[in-house]
Amino acid sequence: MTSLTARKLTVIRHDRHILQGVSLEATDSEFVAVIGPNGAGKSTLLSVLAGLLAPSDGLVTLDGAPLKLLGGTALARRRAYLPQNPRCEWPISVERLVALGLTPVLPAFGGLSEPFRSRVDAVLALCDLLPKRMQPSTTLSGGELARAMLARAMVGDPDILIVDEPTTGLDPRHALEAAARLRALAQSGKLVIAAIHDLTLVARYSTRIIALEAGRLVCEGPTESTLTSELVHRVFDVEACVSRTPGGALVDYLPASPHPNSR
Amino acid sequence: MPFDSVLPAVAAGAERRRRAERRLRLTGAGLLIVLLIALAGISLLCGTVWLRPAQFLGSEATARMARLILLDLRLPRLVLALLVGGTLGLSGAVLQGLTRNPLAEPGLLGVSAGASFGAVTSIYFGLAGSFATATPLLGLCGAGIAMTLTFALGRGGGTLALILAGVAVSGLMYALTYLALNLAPNPYAAYEITSWLLGSLADKGWDQVWLAGPFIVVGSALMAMTGRSLDALSLGEAQARSLGVNLERVNWLALAGTTLAVGAATAVTGAIGFVGLIAPHLMRPLVGYQPRRILWPSTLTGAALLLAADIGTRLIHLGFGPELKVGVFTSLVGTPFFFWLVVRLRRLAP
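As given, the protein sequences belong to chains V and C, one line each in that order.
Counting along the first sequence from 1, when you hit position 139 you're at 227 in our numbering, and nothing is skipped either side.
Counting along the second sequence from 1, when you hit position 44 you're at 750 in our numbering, and nothing is skipped either side.
The hints are simulated quantities; they were obtained by calculation from the structure and are not laboratory data.
Please note: incorrect hints may appear among the correct ones.
[As the list claims (entries may be wrong)] So these bits of chain V aren't anywhere near chain C, every CB distance computed over 10 Å:
id : residue
1  : Thr90
2  : Pro125
3  : Ser135
4  : Leu147
5  : Thr161
6  : Ser206
7  : Glu308
8  : Val339
[What the hints assert, rightly or not] Here are the simulated distance ranges between beta carbons:
id : chain 1 : residue 1 : chain 2 : residue 2 : range
9  : V       : Asp116    : C       : Gly734    : 42 to 48 Å
10 : C       : Leu1021   : V       : Glu202    : 46 to 52 Å
11 : C       : Thr733    : V       : Ala153    : 45 to 51 Å
12 : V       : His102    : C       : Ala838    : 50 to 56 Å
13 : C       : Leu878    : V       : Gly230    : 43 to 49 Å
14 : C       : Asp909    : V       : Gly199    : 30 to 36 Å
15 : C       : Leu870    : V       : Gln275    : 44 to 50 Å
16 : C       : Leu878    : V       : Gln172    : 36 to 42 Å
17 : C       : Glu943    : V       : His102    : 49 to 55 Å
18 : V       : Pro334    : C       : Pro714    : 38 to 44 Å
All residues carry an ideal CB built from backbone N, CA and C; glycine is no exception.
Given these sequences and hints, build the entire structure.
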């Protein structure tokens, strides 16, 4: 049982309110999508929830214990975090990149022992990376790198996965795959929290949405009932059409108040 | 997650490859050590007076003379070359991993410049004449001051702020050093300052080894503790922090380690460039680019490089003038390598 709770989070930077009184609660087996326009505070919220940024005010608790009281390593064993456009700075192989996800459980010196090695193998297989395992990670394509980073986050078997824009920059097939993988993780009992811009992916794969606007939480609830045309209109200031078809939900949008001459 | 349902074939293939890799690694380490031993042997025997093993078995007087040269001149010089070269190589590897910048080197944080300034101050005021260890001691103080300044300035601003602070502190320390040179009381002091700045392993005895050795060992131990964190840092600072890496601690270990080790080394030998820059680059492709795995190979390579350079200065006599300074030698040999690095970066850039 995992439960991540945020109470009245406020983040002030350079006299600007990045987040204002955001409260939420998320539990295991949920795929929470954080949506909102650029600059709404999504990345900041994810950093705070991941325990990487201390809020100016408010509290995040994991199973009732405040995050800041957990040590960095103890927290790292329970949650994985992927920032926007994660990359690797050295051309190390995919296999070793994925193994870096084990950092919090490894001793300070020495190599990988047998159980850890088979864990790396298993995650590589799960993410279809076995043929690429020896390839330098700097030569991977965008989709492959995204898969490798997800494998890096999964290899430590964390209870919570916090991912900032996992589908940005991916082609449609890889974006769908990435979202489906996150959904599968949630179904296997993890708590997944991700900021996602592609609302169709949000509608199809997430179980719950949190909508942010100018640092405030404007709406939250189960995706099915909460992600509506009205909400999208309100949050993103566009005319939206949310259609739920048997093939999967679709979200499409048009400019809100088109200029008379633009048509 | 189905962690236990790994295809046995995959595991077996990976295991085979790992064993081959380990064999390769051990062979590489073995070759490096053999090279080091060979260089050490040459270093003990070569010089103005060439020693031959037969001399130790000759008449009483020759044997005593040979032993004297070996134990009091060659051996401390060898030990110092190994310590200084090794710590320069290690520090280069740690700093390049920490900053994820292939051009980082021990001089980057202002430590070498600080040590130079401290040592030059001692020469300037003639303290070196009153007691022998004044120059290295003041050099160490200079390194400490430079590192404190760098750390205070660059604190909490991430790696980039740290590098910029290092550049600023280096600039200040060099300016003060040149000021001392400018105001040197007499030509002899100016000459002494300049020749110290060139960096040399010549005429160093056990005193210098005992003075610098402990600092180099402790500093190197601190630097060696950063391995796992350096690996995580190759994913960037955000991911490294999310993996439980304490960035403040890593910065501190790398900086304090570099100050103690490289500060002490520079205080004794003068500034020796390029060894710390080159050693990690030579080893990086051989260990799969992983920062932690570069540390020890780079240490051994640094030691071998400096030892080879020191032998070079003794073998290459231009036929006139004094012995070549080892700092000049490494710079002459190292600069073409730097050019190559720039050309390669330019080719890799889009």
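To see whether the hints hold, each was checked on the structure:
1. Thr90: holds (15 Å)
2. Pro125: At about 22 Å from chain C, Pro125 of chain V clears the 10 Å cut-off, so the statement holds.
3. Ser135: Incorrect as stated: the minimum Cβ-Cβ distance to chain C is 8 Å, not above 10 Å.
4. Leu147: holds (20 Å)
5. Thr161: violated (4 Å)
6. Ser206: Answer for Ser206 of chain V: violated, closest chain C Cβ roughly 5 Å.
7. Glu308: holds (24 Å)
8. Val339: The claim holds: Val339 of chain V sits with its nearest Cβ about 29 Å from chain C, beyond 10 Å.
9. V:Asp116 to C:Gly734: 42 to 48 Å: Holds - the Cβ-Cβ distance for Asp116 of chain V and Gly734 of chain C, about 47 Å, lies within 42 to 48 Å.
10. C:Leu1021 to V:Glu202: 46 to 52 Å: For Leu1021 of chain C and Glu202 of chain V the Cβ distance comes to about 50 Å; the hint holds.
11. C:Thr733 to V:Ala153: 45 to 51 Å: holds (50 Å)
12. V:His102 to C:Ala838: 50 to 56 Å: Since the Cβ atoms of His102 of chain V and Ala838 of chain C sit about 55 Å apart, the hinted range of 50 to 56 Å holds.
13. C:Leu878 to V:Gly230: 43 to 49 Å: Given about 44 Å between the Cβ atoms, the range holds.
14. C:Asp909 to V:Gly199: 30 to 36 Å: violated (44 Å)
15. C:Leu870 to V:Gln275: 44 to 50 Å: holds (48 Å)
16. C:Leu878 to V:Gln172: 36 to 42 Å: Taking Cβ atoms as reference, Leu878 of chain C and Gln172 of chain V lie about 38 Å apart, which means the hint holds.
17. C:Glu943 to V:His102: 49 to 55 Å: violated (20 Å)
18. V:Pro334 to C:Pro714: 38 to 44 Å: holds (41 Å)
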